[in-house]
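K.L.:
Build the full structure now, drawing on both the sequences and the hints.
From first to last, the protein sequence lines stand for chains X and E. Last residue of the first sequence: 158 (this note's numbering), numbering continuous. Last residue of the second sequence: 1086 (this note's numbering), numbering continuous.
If you are wondering where the hints come from, they were derived from the structure by calculation, not from laboratory data. Cβ coordinates follow ideal geometry from the N, Cα and C atoms, glycine included. A few of these clues could be false.
Said to hold, decoys possible - Label-pair ranges, simulated between beta-carbon atoms:
no., chain 1, residue 1, chain 2, residue 2, range
1, E, Ile-1040, X, Gly-44, 40 to 50 Å
2, X, Gly-31, E, Glu-1048, 33 to 43 Å
3, X, Ala-106, E, Val-1045, 45 to 55 Å
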Amino acid sequence: MTCRIKIAVQHDDFDLAAEEAELCIGDHGVGATASFVGRVRGDGDNVTDPLLALELEHYPGMTENTLTALAEQAADRWPLSGVTVIHRVGRLIPGERIVLVLTASAHRQAALTACEFLIDALKTDAPFWKCEERAHGKHWVEAKTSDANVRARWGEHG
Amino acid sequence: MSTLHLRYFARLREQFGLDAEPLGIPAVPYTVADVIELLIARGGVWAEELGGPRVFRVAVDQEMASPETLVHDGAEVAIFPPVTGG
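P.N.:
Set out below in structure tokens:
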């Protein structure tokens, strides 16, 4: 099955509805789409030094190649007709969208499972780095062991 | 003599105070581990970040690499902290 793959790394926001429609244009075999949207999580009001913004850095070239490779792995593993991954970079404030993973398939199970695989794998494999900006200074977010454990469930090569 | 194109990202870019530099290496079989040793020998923040317990990753020509990965003349060798996207 051929799978449409769209990868974008950009500062601009994305439109979930428009991306979902685009992934299905002219393909009436799509019976299900699944999406994941990640947002910048704020700290709420009860924190002395709340998060002001996240600055996202990436490795131009390698980041796009890694995302494409992950989308191709997903398409090999599940019967997908389309995959879209959009990741924002630059300075983003709490509440803003960061990442979109969108999958299309004839049936829901493949769409849902592949979407979950892609966001888990993106978190540990794609070269992005978050730097937190707070009133008291900036610091780089440390990678979480829990993310690596979740990634390991899917196996070494997806 | 061969030349590598080194690149640094995120915390390491800030700690080292540069995002890229050329690095001359002997024209013999040379691994990622050899490159790291060369950088650690600079001492200071280089030894601190690459020679201690801090975890870092290396990519050669934009593919994830291991200490045994061979580098070649003109290779792009990127060193960065574990990734935190998504």
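K.L.:
Which of the listed hints are broken here?
P.N.:
Checked against the structure, the only hint that fails is number 2, while the rest are satisfied.
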